[in-house]
Amino acid sequence: MIVRDLLAISTGNLWRMKLRTTLTVAGIVIAIAAFVTMASFGAGTMENIERQFHDLGLLSTMQVYPQRRPNDPEAFRGPKLDVAALDRFAKIPGVLLVYPFDPFTVKVRLRDSLIDARAQSLSYAAMRTKLFSKMRAGKIFENDSSRSAIISSDLLRKVGAKSADSVIGQPLIVSVQVSTIDSAFGHVIVDRGESALDRIRRIHLDSLLNNSDYRGRILRTEANEAVRRFVNGFLNARRTVSDTLTICGVIEAEQVGRLRMEPVIIPFKTAERFSTAGMSGNPTDLFAAMSAGNLFSAPDDRAGKSFSQVTINFDPHVFYGPIKDSVEAQGYRTFSFAAEFEQIQKAFIYVNMALGAVGLLALFTASLGIVNTMVMSILERKREIGIFKSLGADEGEIRVLFLVESAIIGFIGSAVGIVSGWVITRIATVVAHFYMRREGIPEMELFALPLWLIFIALTVGIGVAVLAGSYPAARAARIDPVEALRND
Amino acid sequence: MTDNPFLRTIDLCRHYERGHQKVRAIDGVSLDVGRGEFLAIVGSSGSGKSTLLNLLAGLDTPSSGSVEFEGAALSAMSRKQLAAYRAHRIGMIFQSFNLISHYTALQNVETALFFNGTPPADRRRLAMEALEGLGLADRVLHRPADLSGGEQQRVAVARAIVKKPEILLADEPTGNLDFENAQQIARLLSDLNRTGLTIMMVTHNLEMARECSHRAIRMHYGKVVDTGVPMTDLKNRP
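So the protein lines, in turn, are chains A and B.
Each residue of the first sequence is one higher than the one before, starting from 1 at the first, in our numbering.
Each residue of the second sequence is one higher than the one before, starting from 489 at the first, in our numbering.
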């Protein structure tokens, strides 16, 4: 018996029993529609995440950090994340761009508002990556020396600007107050007209040598005084470095994972004026410099400067693994969005499996319907099976005949179920979009019906149907033809 | 027994249990059938005639003894080989016709060609030829329920012979027919036998057995009680 005969006989029998076939198929349709709806929600969510990762170029971005001590997360160990390290990263095959995250504190004046803010410098090449592509208005600066700046939409809100377009081309006065370690040390030596020598002279040398109480008290007092003078010198001997830039763009500032973006972005060369003038005087910067080991570097000593974070942008067609390994082999920590995305994908496999399991439960129930239908069919067609056997059908052919009938039920049920599931997701999408619009949430596609899902739904639907039909088929194959053909 | 029979049974037994009772449906039947022979098997109900045909067709398995077709024992064949034996070499006709009720006459005849490897392109033509040959050209698209008993049995005969079997096993082919239709089927079987087809026919109708067959055997409680008297001389038949 050839496939065409099997299909002809099977479809003929199913067509003859229209009502029963329809009811059996309906069970599969409902189960597959439920499966498709739930799995397509998982797939849709995954696609949304993937799209966001892709749109921001996160899958080709890696963050690099210096190693931290296990018992003291604030303290670094291992090699510094300095300019030399950046040069080494840039030479790793597949790496397109390396740039540091080097934030500093600024005061910005926009219109009538004066705001304390954080700024970062970025190269033109870095600004052109997808990471910074979400501009609300304007465009990125034209080169590294451009006297312009990009502000975030958050800063825009703080200054009370009504629209992003309204600030494009407006002046942004950026100023930093810088301190130097030199002035801090200067104050340790002379502060408020009193020199360190004057204080030393007031110490009783005999008591210092012979009286332990006196010695302890003096050491604590003088240590505290030295720190006070250092901090006083650092914080109060500041000078202001100021520049007027033009706002060229407003960026949609988003923090994605460990990706940080400051509210003011200044072209790399233009920002050197601020970043090399000295430390801001902000205690945070002081501690950061201490932590990074830069405290005593000269302010314009770029080679000696180290960073807390570096971003590597690599070729999207290159696998991140070797780059990550190469960077980590140099003694740094890495964070790869691609690796995180893999974890998310793995997590979604479980989510999809859980969602799919609900659909499969319905499919299991429907499969009982198939068993019932096929068993009934066998009882009714016992004589027909006997006739086939008397005409030369072997057991295998009878078994296959009934399995094909089950498979056809599964195929029709799955196909209609997939279409039904798709229709349900479309209706759900329309309803969801209505609510998203009403709540002011950006519309997004909640469901996706990728080819793999269609393939899985068809395979599972047909597979379960064939599995359900295997017992009746085996029973049909075992029918004794003599019994089946006996005159009633 | 002849030296080289077409179909032979050797001490064939088919016993089975029914409750605590052992039924000897066939009990030590040894029989030779020559090629081209028309053998009638007569006997009362329950004498084992149909069981014998089922054993010869390979539909049933003997408890002991054997059936040999052209020297090959059916018991040595696998189920697949037995199915192929039925598909290629055996044609069967039943008292109750055993047509598939939802198939047309043409489809019923075509069904016999599903299992013997006949190319799909040839099936319809062969089935049409078989039905036309039996005077059913205008009934090909009728379903069994729309046909008379005689017509149904002719469709069954067409189904049995369309694959050009070497032996036709007919189990009470006229049992459900009126006299006229029974005569018609009897003539049809005689004609088929004249073309060289070996026929073994189970019947209650002694008159018909005498008219059609070369010899008849009589069965009683599973045994052949009359090994058979030639009804006609085979050599004298055209």
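Check each hint, because a few of them may be wrong.
[As the list claims (entries may be wrong)] Sample of chain A residues at the chain B side, in silico, Cβ under 8 Å:
| no. | residue |
| --- | --- |
| 1 | Ile2 |
| 2 | Arg4 |
| 3 | Asp5 |
| 4 | Arg16 |
| 5 | Leu379 |
| 6 | Glu380 |
| 7 | Arg383 |
| 8 | Lys389 |
| 9 | Ser390 |
| 10 | Leu391 |
| 11 | Asp394 |
| 12 | Glu395 |
| 13 | Ala407 |
| 14 | Pro481 |
Hints listed in this document are in silico derivations from the structure and should not be mistaken for laboratory results.
Note that this is a predicted model, so its numbers are computed, not measured.
All C-beta atoms in this analysis are idealised placements derived from N, C-alpha and C, irrespective of residue type, glycine included.
Right, here's what the structure says about each hint:
no.: 1; hint: Ile2; in the structure: 7 Å, holds
no.: 2; hint: Arg4; in the structure: 6 Å, holds
no.: 3; hint: Asp5; in the structure: 5 Å, holds
no.: 4; hint: Arg16; in the structure: 6 Å, holds
no.: 5; hint: Leu379; in the structure: 15 Å, violated
no.: 6; hint: Glu380; in the structure: 11 Å, violated
no.: 7; hint: Arg383; in the structure: 7 Å, holds
no.: 8; hint: Lys389; in the structure: 7 Å, holds
no.: 9; hint: Ser390; in the structure: 5 Å, holds
no.: 10; hint: Leu391; in the structure: 5 Å, holds
no.: 11; hint: Asp394; in the structure: 4 Å, holds
no.: 12; hint: Glu395; in the structure: 6 Å, holds
no.: 13; hint: Ala407; in the structure: 19 Å, violated
no.: 14; hint: Pro481; in the structure: 5 Å, holds
Of the numbered hints given earlier, the model fails hints 5, 6 and 13; all others are met.
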